[in-house]
Amino acid sequence: MRSWNWRRVTTVTVVAGLAAAGLAYWNVVDPWHALAAATVATTISILWSATDTTIPDPQWPDLPIEARAGGRNDVSDLGWSVFGRDGRVTDRVVRRIRALAADRLRAHGIDPSDPAAEPDAERLLGARVLHQLKSRQPPTARTVQTWLEAIDRLGPAPITEENNA
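Going by this note's numbering, the sequence shown wraps up at 171, each residue one higher than the last.
Wrong hints could be hidden among the right ones.
Label-pair restraints from in silico Cβ distances [said to hold, decoys possible]: (1) His-137 x His-114: 36 to 46 Å; (2) Ala-43 x Ser-87: 45 to 55 Å; (3) Asp-68 x Gly-90: 14 to 24 Å; (4) Thr-152 x Pro-62: 54 to 64 Å.
Quick caveat, the hints were computed from the structure, so don't treat them as lab data.
We put the CB at the ideal spot given by N, CA and C, even for glycine.
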């Protein structure tokens with residue numbers, strides 16, 4: 007047994023005594039039960055202070071963590087960043103999808119920032135998808151799935167003689 011922690015025992019005894027006195031004074035419990043509760047609290051404090059309750063922390067071996075691009079941490083980060091608290095897709099993901107759509111449209115020879123090219127972009131992506139991509143409303147998961155399907159249908163850039171040269 008080690009020596010008692012007198013500060014803890016004193017604090018618990020004083021607090022338990024004050025609580026017991028208050029409970030007895032306001033007739034919540036009779037004085038004998040209040041005294042018994044204070045005695046039990048003090049006894050538990052003495053026993054706790056007198057025993058060694060610390061457990062040595064085992065030294066686990068440090069395992070090297072391999073950080074690979076596209077590894078488990080990246081997938082986890084992406085998964086947590088897709089949906090906001092409101093259940094809608096976050097702005098971070100929407101920006102990346104818009105950038106992907108713009109890149110695919112450019113690969114097909116359409117400048118997404120040019121208003122004159124909007125009919126061509128509408129023809130490739132669909133009017134609804136193009137309107138939703140331009141909207142500032144946070145989309146639902148189903149809407150994002152529709153966007154990705156439309157972008158996926160575009161496929162890679164068409165092969166032309168310019169690309170081969």
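Hint by hint, here is what the structure shows:
no.	hint	in the structure
1	His-137 x His-114: 36 to 46 Å	violated, 19 Å
2	Ala-43 x Ser-87: 45 to 55 Å	holds, 52 Å
3	Asp-68 x Gly-90: 14 to 24 Å	violated, 36 Å
4	Thr-152 x Pro-62: 54 to 64 Å	holds, 57 Å
Hint compliance for this structure: hints 1 and 3 are not met, and every other hint is.
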